[in-house]
Amino acid sequence: MATTRSLPQRLVHDWLPVAVVLLAVLIAWYVAAWGLNAQGAIERVLDEEAGYTQMELFEATMTMERPLMPAPHQVAMDFYESLTEWPIDSPRNLIYHVIVTGQSTLLGFAMGTALGLVLSVLIVHSRTLDKALLPWIVASQTVPVLAIAPIVLVILGSLGFAGTAPKAVIAMYLCFFPVTVAMVQGLRSPQKIETEMMHTYAASRWQSLWLLRLPAALPFLFPALRVGVAAGLVGAMVAELPTGAQAGLGARLLTGSYYGQTTQIWSALVMSALLGLALTGIVAGVERLVLRSRGGV
Amino acid sequence: ADKVTVQLKWVPQAQFAGYYMAAAKGFYKDAGLEVTIKPGGPDIAPTQVIAGKQADIVVDWMPSALAAREAGVPLVNVAQVFNQSGLMLTCKKASGVASPKDFKGKTLGVWYGGNEYPFLNWMGKLGLKTDSDIKILKQGFNVDPLLQNQAACISTMIYNEYWQVVDAGVKEKDLVTFFYEKEGVATLEDGLYVLEDNLKDAAFVAKMGKFLKATLKGWDAAVKDPEGAAKAVVAADTSGSASLKVQKRQMENVAKLITNAGTKKIGYLEPAAYERTVKVLLAGGSDPVIKKDPGKAAYSHAIYDAAQK
Amino acid sequence: MTESVTSMWFWPGMLLLALVAGYSVYRMAAVQGARWVGMATAALFGVWVVLFWEILVRALDVPRVLLPAPSLVMGSMVDHAPKLWGDFVQTVGKAVVIGWALGCGSGFLVAVAIDRMPFLQRGLLPVASLTSAIPLVGVAPIAVMWFGFEWPSKAAVVVLMTFFPMLVSTLAGLKAAGKLERELMYSYAASYTRTLLALRLPAALPFIFGALKVNATLALIGAIVAEFFGSPTSGLGFRISTEAARMNMPLVWGAIVVAAVTGSLAYALLVQLERRAAFWHPSVREG
Amino acid sequence: MNHSESTHLGTAPSQTHLQQRTAVEVRNASVIYQTADTPVHALSDIDLHIAEGEFVSLIGPSGCGKTTLMRVIADLEHISAGEVLVNGVSPHDARLARAYGYVFQAPALFPWRNVLANVTLPLQIQGKGKAEAKRIAMEHLERVGLKGFEGKYPWQLSGGMQQRVSIARALSFEPKILMMDEPFGALDEITRDRLNEQLQQLWQRERRTVVFVTHSIAEAVYLSTKIVVMSPRPGRIVKVIDSPLPDERHLGLRDTPAFMELAHEVREALADGHH
Amino acid sequence: MNHSESTHLGTAPSQTHLQQRTAVEVRNASVIYQTADTPVHALSDIDLHIAEGEFVSLIGPSGCGKTTLMRVIADLEHISAGEVLVNGVSPHDARLARAYGYVFQAPALFPWRNVLANVTLPLQIQGKGKAEAKRIAMEHLERVGLKGFEGKYPWQLSGGMQQRVSIARALSFEPKILMMDEPFGALDEITRDRLNEQLQQLWQRERRTVVFVTHSIAEAVYLSTKIVVMSPRPGRIVKVIDSPLPDERHLGLRDTPAFMELAHEVREALADGHH
Ligand SMILES: Nc1ncnc2c1ncn2[C@@H]1O[C@H](COP(=O)(O)OP(=O)(O)OP(=O)(O)O)[C@@H](O)[C@H]1O
Ligand SMILES: Nc1ncnc2c1ncn2[C@@H]1O[C@H](COP(=O)(O)OP(=O)(O)OP(=O)(O)O)[C@@H](O)[C@H]1O
Ligand SMILES: Cc1ncc(C[n+]2csc(CCO)c2C)c(N)n1
Ligand SMILES: [Mg+2]
Ligand SMILES: [Mg+2]
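Residue numbers (the numbering used here), protein chains in the order written: chain A, 1 to 297; chain B, 298 to 606; chain C, 607 to 893; chain D, 894 to 1168; chain E, 1169 to 1443.
Some hints could be false.
[Stated by the list, open to error] Residues of chain A clear of chain E, computed beta-carbon distances all greater than 12 Å:
| no. | residue |
| --- | --- |
| 1 | R10 |
| 2 | I27 |
| 3 | G102 |
| 4 | L159 |
| 5 | A162 |
| 6 | M197 |
| 7 | A202 |
[Said to hold, decoys possible] Each pair of labels, with its calculated beta carbon distance range:
| no. | chain 1 | residue 1 | chain 2 | residue 2 | range |
| --- | --- | --- | --- | --- | --- |
| 8 | A | G163 | C | R664 | 29 to 39 Å |
| 9 | B | T333 | C | R664 | 26 to 36 Å |
| 10 | A | G35 | B | K422 | 40 to 50 Å |
| 11 | C | R881 | B | K422 | 51 to 61 Å |
| 12 | E | R1303 | A | V20 | 55 to 65 Å |
| 13 | C | W617 | A | G163 | 42 to 52 Å |
| 14 | E | G1295 | A | R288 | 32 to 42 Å |
It should be emphasised that the hints constitute simulated quantities derived from the structure, not laboratory data.
We put the beta carbon where it would ideally sit given N, CA and C, even for glycine.
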């Protein structure tokens, strides 16, 4: 059905709802900014003795230096200035931080995916690992990352890992979980009849894995990769805090919070959401390519 | 060149201007050293870093350094850069606090991680019970609780958070401040610490002597030239958040805490000041940071002496 | 202890012990039947891991501030049991439970509400994936700013983290009922509500439980991390951050253990609940 | 399109088992599915008249539109052209009046309901009281030979038993029109024979209108009062055969010459349509 | 347990189509499934001899153990007691020697492989070269009438076409023994007839040993040289019937008295076992 839609129809069908929802979010944001900032504006910006009009109050809430919630246009301005007024290799340009965070995210994502794949293959093939490992993998995700990140970084540092690698390890820690769980499910998804067919061909374990289980698991893998890359981004940003908040979107968030630059926090937040969207978009693109190459399943 | 890695306690700011100044002005290079300055942050414990052998020397406050010592990381103070405490409690007049007597029934923001003990000590002196008379909030690393009126008073540093409150639009006349130094509960802040074992190594002591000498030179320069110090700090900030104006002001306030700047005494740990800090820490609450007096083993003047050559 | 490492027998000994450990877990896993076998195997594996951790930390003389031995952690947990209990009540009893219930509940209700509005769904889902990429380290300071340092700000973070996974899962679950089954209800001229209650919600149960489980661990982590950015003087996150700053690593790990055990128990509990509620689902039926 | 025999449908045959009231009236109906490349003519120009109380079988090769035609009648599919009336009203209204009991090719039982609860489901929807619903359901379960299984869950039954539950469910509803899409496809011959017999008796007793899809010529001949032979690409009716067999039937009938002759006629029509 | 006729199996009947070498030998085999409540006797005391080149049909009501017996022969299930030999070795060794081509009741095609790739799958596993695998696969696809569809994906085919792909897949493997579990269950009668004819011709040509499960008496009689009638609870063989029909068969045969007589014999045996 969807294939018969023309381009303008597709635009209306797919993007109009998003536009409407975003517009609603924007309006709600303005209202919230006005409501949340009002008290601070009365206390710290407006001269109470001199009195003020409601219009002045509204204006003040939209332009505060240190708002409780910056107005969207303030964030947009900050965004714009950051991107246009500084060279790309300047720490004041958000793209610079996107690159830093993006690197550790992608590296961690790659490592996490690899680890997840290996673990899931082992778990599926070994009853022992299935029973012994799976509960601990679940438990591993209940350990608060931010709490162990500093320790992990120091330990990794003493093992000689520095720079992007230790941050990528934290990203990996969050990435591998969805991949493992989904792949265990996916590798087990072939029906009995299909595994028995391979059995009658006297296919080796390896052949069964390669010819049946892995292809059958692909539809499970890609949604997990999309979740995983988003989780990896969170991990990379969390890992930037205990590495001295030097650079990266996580560092921007932290220093923004530290220096009370609310607008900076929000533009870093928006940027990280966009980065997350871009990364999941890339994964979705790869997914589409792979699935098309096998006929659309 | 000899390699030295120093771990700071917090993000790049004028609080650490001496190190950045020494690097910027080439003092370290002149001393034949290749120095790596690792910035810190709220989640970095310098003691953990040095225990993991990721730094040769760390900047830390004495409460957490002595706590680490008791926890099995034998840190030794080898130089005390700040000889005054910049810690204070900043309150909004509007909340009804005019003197320490008024704390009763109020919410007070406190930094934890060792810094709570001077505070508890102080409350003890005031006769305020911390579980009923006042409400304590574990303060994050910014001043929002005061701005949002979530606390009547918050912990601030004279060189940093206090000014953030002011920058946020609260007028100085609407604020009341209480210095730990004046209340007699101050502990020693930014000092330099190394692992005890390393002090037995003469080469290490000599190297650190060179490092300390260059660093103190950097501090002298920074105190003299706040503008230049601010520039060095901002240049070193890779997060792109530090601003020149703020850092310059911070440097000017930091300078007030290094009263020995420009004299021979800069960096020298006064044993009396050390004793006083230990006493404050031992006196805190039911579960103090340190349970026994570490004695003279917790500081050494060997490197300071080496730096004087 | 260091001399034990230098002893030429240490590493061969460890290797031997590792083999014994591996074999015992293997044998345990091979036991047929009862459901406790799985748990026992996992527990045995855990016991071995802890034992190796203990031996290696001691033998290699790892500084306590980096990685404390499990025995120290246990000791510290016993010594500070009342404190940890208070932290548990503060974090789990208030922020996590309330935030999780509110987040999951509202996610579910909104999903049911917009189930009939494909337009809103097409608009909301991309926005939902946008927000899911926002890390809680960014949200937590804002939440503390808005909702104060007491538990409501942590609950708010938890609500935000759990809302969208529940929304997305429930929407997917409501679409999970088979075409045939839906047409059957349609041919009965069953009302929307009737179809929802008799067919679509039961069919969505596995999805809903999936979100409940994921959210349980997310909620715990979210509340703990939010406490790093300002909290009252108790809570697991408060404990972890303050004790880490004063180098009391055994207690830090004690708090982490409390968190992990809580998370795992919650997860296991939800798995059991799911077995009851979605008893008919093939994944449950097979055991 | 040689559905010439379907034209005399307007005038119902004079056999006694056909009442004169019309149950289903399809006129000139077409269904076209829009797919990626070319549109599929699933049904083309269908004319069909079903009187109340008839047992009509649809037979034809895979893809000839049997299911589609059933779905059109039951308001599960919309026609692209033409007209469909059920009990004198549109399929939509007939559905709202709860005219249909639909047995799908797969049992479509709800796995979270046990056998009894599955059968009572439509009764519940109809607003029947608990006790009454249970009584009716038990009665129909007994009829399909599943007494004693009412507490079991669907996955605890064999495929044939599941299908029987789904038949009981459709029957208990007491629909005006019973639609059955290959209900016995998955059963072995003997069970199938037995169910055929039961279905025949049921129809004898109650004379509901039944629309029945099958691939088995013998089944169609044994059960129906009217056999509709269809052919694919485009889906159309090639022949409508009114059964000359008596209403009272038993399995032995299948060895009679009359039966064989009718079966032969159906097979011929099928072969004709089959290219 | 009146499988008296199965006793003279050791001495092969004198019909020409039976070679003397043994393909499958089942002696006293039992299969018991342990379930939650009571153990299920899926197969009880089975004796069966299949000579090379025979076409053996298993027929019997649902749950009588037809599938289980097939699975035992193909090493998909272990026997609880007794002995099974395939080509003189254990089923396990026979499987490793790639003796079986198994056609399951459902087509079990891999949706991510197109028709050609599905058929070459077993060849690939066997280690055949790409070009050769393709050649063989194309040949067998042509044989089942699917030339020109090799680039299509399974979901683009009708159910009958899918089943034919799965047959081509089993054949291309050139197995010594072809096991087919209700391969035509889902097809309409005419397609089914056609495939029956093709299968018959194929067997004529190649004389592979075939073990075939069906619910259709006509199908069993039409195809087999030996019909094994089974009965449930516990699963056992009630009768083994050697077909007196000639090897050369065509669909017209079904209307001959010899055919009908045999069909009647099978139906009787089935009815005997059916209680
Ligand atoms: N949703 C759909 N979209 C596109 N084509 C469809 C759709 N449903 C059915 N068709 C096509 O319409 C035609 C008739 O399908 P229908 O299911 O009615 O056949 P049928 O006679 O019931 O076949 P079978 O005996 O295999 O059940 C087929 O060619 C089929 O491919
Ligand atoms: N895995 C199993 N566990 C328990 N019982 C089983 C299992 N597989 C089969 N059975 C039982 O064994 C008996 C024989 O089953 P089998 O599948 O061989 O029957 P069949 O003759 O092939 O039936 P059908 O014609 O329905 O395919 C049945 O009663 C069935 O319920
Ligand atoms: C966990 C923790 N939070 C805050 C401080 C206090 N502190 C020490 S240095 C510094 C920067 C100066 O503005 C601050 C705020 C601490 N010691 N530990
Ligand atoms: Mg159909
Ligand atoms: Mg079977």
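Report the numbers of all earlier hints that the structure fails to satisfy, in ascending order. 6, 7 and 13
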